[in-house]
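Novice: Each chain, written out:
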Amino acid sequence: MGALTQLLRRRKFPYRIVSVLSVFVGVYWFLQLPTNEHSRGTYMSENALMPGQVHTYFGGTESMIFRAYHHEVEALENATSTRRVEMLGKIMKDNGLEVGRQKYTYEASGEVYKGENVYSILQAPRGDATEAIVLCAGWRNAEGELNKAGVALTLSLGRYLKRWSLWSKDIIFLITEDSRAGPQAWVDAYHDMQSTSVEPLPVKSGVIQGAVAIDYPHKNFRAYHLMYDGINGQLPNLDLINSLIKIADNQMHVDVKLQEMWDHTDSYKDRLRTMARGMVNQALGHSSGAHSSFIPYHIDAITIQMTGENGWYNEVTIGRTLESICRSLNNLLEHFHQSFFFYLLMHPHRFVSIGTYLPSAMLIAINFTITAIGLWLESGQPKDKKEKDKNPKPEITESEKAALDTSVESSNKTTEIATPSNDEPLIVERQLLLPVTIVVAIHALGFLPLYLFNNLDKAALTPVFYAFTVFSSLLPPVISLALRPLAPTAQTFTLIKSFSLLLLGLFLSTLATINFSLSFVIGLLSVPFTFTRFLKAGIFERILFWGVIQVLSPMMALELVAKYWGLPVGDILMEAAFGWKVWGMWTQVVVFGVWWPAWIAAQVGVWSPLSGVQRD
Amino acid sequence: MSEAPVDPSTIISHSHSSTSDYSESLFLRTLPNNALLASFQFRTNGTIDSSHMSLFPQSLNQVLKASHTKELHLKFTLGRWKAREYGPEPWEGRTAGGTGVELWAWVDAEDDAQAEQRWKTLTNALSGLFCASLNFIDSTRTIRPILTFHPTGTHDPTSNLHLLHGSLPREPVCTENLTPFLKLLPCKGKVGVSSLLDGHKLFDAAWQAMSIDVRPLCDSDGTNCKLQMEQTVDMVIDVERSLLKQNGPIPKPKERHQLVCDGSKEYLTTDDACLPLDNVKDQQFTLTDVFGRGIRGSCPLDEMENGEAREQVCLNVPEQRGVYLSEGYQEQKLSKSLRCYALKENQDFDLILTEQSPSIKLPSTEPLLYAERSFTGHGQERGGVQAVLRNPSLTSPVNFVYLESLPWFMKPYLHTLRANLDKPAPTNSSSSPILETHYRPFLDRKRGTQLEIALQVPANTTLTLTYEFDKAILRYTEYPPDANRGFDIAPAIIAILPPSSLSDGALGATQQPTYLRTTSLLLPLPTPDFSMPYNVIILTSTVMALAFGSILNLLIRRFVGADEVPGVGSGLKEKVRGKLRRLGLGGKKKEE
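Chains as they are written, first to last, in full-length UniProt numbering: chain A, 1 to 616; chain B, 1 to 592.
Please note: incorrect hints may appear among the correct ones.
[As the list claims (entries may be wrong)] Computed cross-link-like contacts, DSSO-like style, restricted to lysine-lysine with a CA-CA straight-line distance of at most 27 Å:
| hint | chain 1 | residue 1 | chain 2 | residue 2 |
| --- | --- | --- | --- | --- |
| 1 | A | K93 | B | K361 |
| 2 | A | K93 | B | K201 |
| 3 | A | K103 | B | K82 |
| 4 | B | K82 | A | K90 |
| 5 | A | K103 | B | K423 |
[Claimed, not checked] Computed beta-carbon distance windows for the label pairs:
| hint | chain 1 | residue 1 | chain 2 | residue 2 | range |
| --- | --- | --- | --- | --- | --- |
| 6 | A | S353 | B | Q117 | 48 to 56 Å |
| 7 | A | E111 | B | T466 | 29 to 37 Å |
| 8 | B | Q380 | A | T437 | 33 to 41 Å |
| 9 | A | V551 | B | Q380 | 41 to 49 Å |
| 10 | B | L414 | A | E74 | 53 to 61 Å |
| 11 | A | D266 | B | G248 | 37 to 45 Å |
| 12 | A | E107 | B | Q380 | 25 to 33 Å |
| 13 | B | R557 | A | G355 | 36 to 44 Å |
| 14 | B | M532 | A | T437 | 41 to 49 Å |
No lab work stands behind these hints: they were computed from the structure.
Just so it is clear, CB atoms sit at the ideal spot from N, CA and C, and this is done for glycine as well.
Input sequences plus hints: build the corresponding full structure.
Specialist: Spelled out as structure tokens, the structure:
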């Protein structure tokens, strides 16, 4: 502490160097994660799972039954949802399972999402209805494709698994209308947390210990694609993922792909790409499959997607995989807790855990805090003693004007204290009211886009988005202009920047522990906010800063996401509004409540000359 | 048309002669989806003062005597009764308990403390007798219900009886409980209907309940008293699974020729696909198929006083179903769908129920009430309970008592208790469905919550009962030592009052309520990572030891060169002296 205090007293806190250093170390740290030295091989923590230790018997005549159900499902493709649910329910009932149905309606961006789920419960023989496993197949998968084989397989497993007497947990076979709203409606109602437009469930079982969703539109496939991202970047326990990968590898000899990395050579580059894709999904915080809705309820869930048309594997392989994973989940004595909940996967067999990756995001978040502290110290010190001696008066009068309710008395007092000692560093009083008001106002203004984009109609979203982009670009110069009558000083802008960065650092470091990826991405895109030098900068420098910040705006990021997915911006906004209404997604709160205000504050700095502030 | 399914209590009570010392019976009924209900009943009569030999087991009698227990009910239950599919529970729900073990008894005692003491004696003794953890029924799991239970025997009105009730929802009921159960029977499962009770088959049942009820019974004038013990075993067997097990323990996919396909589908031939129809037929089975063996003749102790044969086995199947018997046995039809058989000594009995395709079901009857209970909400801090109680009757309301026994670490808020009807109640009935509430709040670590609510649900209406609760944080030693899957919450007990009691208010001695239990619940509590404190202790201890050791060394040790110490390395004597000097003794000696 002694060394630090000394540094601060000498007014030579080299915050810029520390900031730059922390950003570089943070990024370097992140880039080091995929190496063998910093990542770890995955391993099973929960011994009770015993993945792949059982013989599986699905196949033989069960395949014939699967094919029959496949035909039945195909025949229902264009049926109404009532008829579909009726037919699927009948098949389940014929197989001796208890059947329930649930209708739901959601509304987001003026669109109505309606559907009906059907599910059946295999009551564990001798079981006491305290625990359950869910096998879920959306009638349509996340891409809107008819999940033909997936539904047929769920139906045939319902029949096949009932014959075993060893179940200690109920197995719920759930067929939802789609893979987005349907599972959410069902899992909400299961916990009796549903909104009024969602029907309660007629039959329930116990605590759900695990859920596996099947995305299997075509009969033959080449590999499994494992999806594990939950809403708001929450992840299932790593043990569940490991179990599946172990079963697929050792028992079924099927390749498992992650994050749409179809060819993974286990090179540094591929690992980094897998990790980065995972982080994009995590940062967006949206639902990536039917499993995502389960995760916020502390139900570990994954989606297995069959990829590669006309491959050499068929329903027997996936049927046995599911049989095996159900047996593993059935073995669980406790809720998943042994392995990691915070991790980044870079290869089916390699990961980094939170202890290793967290420092990178933390360092980037800390860079803002350090700069904020540095700026705070700087704002309390006159740049040059001579300058201060030359004209202490005008500053006071200016500050009097600026801070209307600061009494003249107190400011005079301060100067009295500040002026006499020439050896001691001068302490200038900080005029806090104006900068605090501006920072708070900008943050409060963030609720406007949050409200607008979550509640506007579909058609209005795109025009409003562009209008909002223009508004955001015009807002900083307008703020600067509006400040002119208040005669702000250089200190005012230093403090605005300081407070804004302080808040950003605070939010991002907190966020890093919950959603690492979102914090890391926003942190990286906000790095220029730290390094804008606007008070001494010349006109070209200013234009450069303005350009860089403009390019790294939240609005541009949204455009980028739209490009990444190949969708129009309006669709992304619709998805976000849907996420907010249905899934309880918080990404936009972070974007409009944390990132956007920080961005505006940075631009206000760039536009500061408009306010008539004196240049140093 | 075939008639409604028969409840075992209606036929067995009239066929049982109450005077004989021992009687046993088996009742079989087919249920939908290839399930079979088997209800065994064994009734033993003994004298109140068992000073002489009787069939009433001495072991149990001594326990009852020692604990001054006048009436005893002990239930072991596993699995769920699917009311939607099977209809009302057999014996009007009086024989089955909640999941796990349930025990209640009327104990004669002067005051509560003495009752508590005697209850403790009883639970500990029964624990040993039945190989169950009944001794874990301590004060936190004991409740004293007021409305739900009523004595079934005749008791001295002057005696001071205390009703105590305890349950262990987590108790796994298994063969070790069956063996002592069978030992209480005079024929010990060797002959008679009890010879069907094989552990392997019994515990593979989808639902299974074992119960022991002991009650004193007297004639109406209070004389001729005897102690009656009724033992029952009820089970629902999945016939299809039992048949599969004969081919091996693993339910491999069926052979092709065993599949029954829907021939009307055109893809049957084109794609070699098969829409199965096998669940649509009733499968053929024998007693040996489902119980592992047939009945080995009758129990010689079970006979009428006049030596006449009595039908011990009754079968309730649709009239159309073919039934074949072992040689030498005759069928007696009591009604269209009810056939009974009298067992013969030393003559094995088996029967074959033929295949029936398409299946014929006995017309289903609705239970008086459907009850489901589940948790609401999520998280580690608080939660809610929701009980959905549906009255399926279109005409008559149902009056019942809902009893919850909650552990102390689940802390309900009574002010959040809500009872909502899905339809407005008819105008002539009372406004609130809650008629009466008895509540005994929990005391931390001393006793649990007892909540008894008398409710009325109008015809064709669903009542949703909800309340919220807080989850307590336990001390780390209070977690059970096993893998922590959560804490089981005992099933709610629902006593449906007979309709006639609605009018006069008082419950007649002969009119017992119908009982119903919900499933148990699993309550996850905030759980510490138990291995974490261990890791932390190890790590901090190491760091502490290293730091402490080196600092202590630096502070108290004097470091000197080896050559500076006199007498190092020259004989034992010098070494000892050196040691002494170091302790401050040797130096003085030298000076002297």
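Novice: Against this structure, judge whether each hint is valid.
Specialist: Right, here's what the structure says about each hint:
Among the hinted pairs, K93(A) with K361(B) is consistent with the structure: their alpha-carbon atoms are about 15 Å apart, no more than 27 Å. The hinted pair formed by K93(A) and K201(B) meets the criterion: a straight-line CA distance of about 25 Å does not exceed 27 Å. For the hint linking K103(A) to K82(B), the alpha-carbon distance of about 24 Å falls within 27 Å, and the restraint holds. Taken as a hint, the K82(B) and K90(A) pair is honoured in the structure, with Cα atoms around 18 Å apart against an allowance of 27 Å.
Distance hint between K103(A) and K423(B) is fulfilled; the C-alpha atoms sit about 20 Å from each other, no more than 27 Å. One distance hint, 48 to 56 Å for the beta-carbon pair S353(A) and Q117(B), holds here, with the actual separation near 55 Å. Taking 29 to 37 Å as the suggested C-beta distance range, the pair E111(A) and T466(B) conforms, at roughly 33 Å. The hinted window of 33 to 41 Å between Q380(B) and T437(A) holds, with their beta carbons roughly 40 Å apart.
Hint check: V551(A) to Q380(B), Cβ distance near 44 Å, so the stated range 41 to 49 Å holds. For the hinted restraint 53 to 61 Å between L414(B) and E74(A), the CB-CB distance of approximately 55 Å keeps it satisfied. For the hinted restraint 37 to 45 Å between D266(A) and G248(B), the CB-CB distance of approximately 43 Å keeps it satisfied. Between E107(A) and Q380(B) the beta carbon distance is about 32 Å. The supplied range of 25 to 33 Å therefore holds.
Our hint of 36 to 44 Å for R557(B) and G355(A) holds, since their Cβ atoms are close to 38 Å apart. The hinted range of 41 to 49 Å is satisfied by M532(B) and T437(A), whose Cβ atoms lie roughly 46 Å apart.
Going down the numbered hints, you'll see the structure goes against none, and every one checks out.
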